[in-house]
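Colleague: Sequence:
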Amino acid sequence: MSVSSHESMTDIERRDGTLSDDGDELSTLADQAEGASVTPEGLAAVTGTGSTTLRDILDTDELPQYLLEGTMLDIVTGDEPARKMAGRDGSTYTLFTDRAVHFVVQYPDRLDTRTTPYETIRAVTIQTVGQNIRLQVETAGVSYVAYPSATSVEECKAAVEFAEKQVEESAASGDRVGKSGEVLDALERLAALRDRGALTDEEFESKKADLLDRL
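Counting in the working numbering, the sequence shown tops out at residue 1465, every number present.
Mixed in with the good hints, there may be bad ones.
As the list claims (entries may be wrong) - Calculated cross-link-like contacts (lysine to aspartate or glutamate; reagent style EDC-like; alpha-carbon spacing at most 16 Å): (1) K1407 / E1319; (2) K1458 / D1435; (3) K1458 / E1388; (4) K1415 / D1348; (5) K1334 / D1348; (6) K1334 / D1324; (7) K1334 / D1362; (8) K1415 / E1388; (9) K1334 / D1359.
No lab work stands behind these hints, which were simulated from the structure alone. Small disclaimer: the values here were computed from a predicted structure and weren't measured.
Given these sequences and hints, build the entire structure.
Modeller: Have a look at this one:
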């Protein structure tokens, strides 16, 4: 789709009926969220002032539920952790929606986003010492460890409880996921996330293997 010199990408998204990051739409999303951490201001802050919008991260009709903020994210593959630190004046966000957990690391010139659908998650855990929080999302081959220091312990615990329920519901529907057609749908969603840059090739292969193991 071409963009004319006087027409912004946000204008195109609004014309197409998808989400633009204006106040009314973000307020609507915040009103539907379970957690108090999801506010219009918080949702707008996730993508900052760059060209990326929230809909570039979320699927159509996907609803944010909890939004946790910090400055650091560890991505652990095997025994090799890779630490992602937000750039100056940036943050890291862990966004729990009704469908997935999204990790966003802000850099001055770009966003690093990773997405993990609930059907690929094996466990969500939290450890707290005082106000220090360590939140881990574990999949078959990759673990994401967030440190949401700017969010209250109570809100982080509520987010983990929400995620645990979503994971349990996905596991309980194993018969549904186990059907070849449903597995294909899940694989297509993962492929779309990879194509959007929300998953690396390695993460995609790991999550694909986990889905195929359920057959």
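Colleague: Each hint needs a verdict: does it hold in this structure or not?
Modeller: Hint check results:
1. K1407 / E1319: Given pair K1407, E1319 holds - Cα atoms ~13 Å apart, limit 16 Å.
2. K1458 / D1435: Given that 16 Å is the threshold and the Cα spacing comes to 11 Å, the pair holds.
3. K1458 / E1388: holds, 15 Å
4. K1415 / D1348: holds, 10 Å
5. K1334 / D1348: It is violated: about 25 Å lies between the C-alpha atoms, which goes past 16 Å.
6. K1334 / D1324: The hint holds at about 6 Å.
7. K1334 / D1362: This hinted pair holds, its Cα atoms lying about 9 Å apart.
8. K1415 / E1388: holds, 15 Å
9. K1334 / D1359: Measuring from Cα to Cα gives roughly 15 Å; hence the hint holds.
Checked against the numbered hints above, the structure violates only hint 5.
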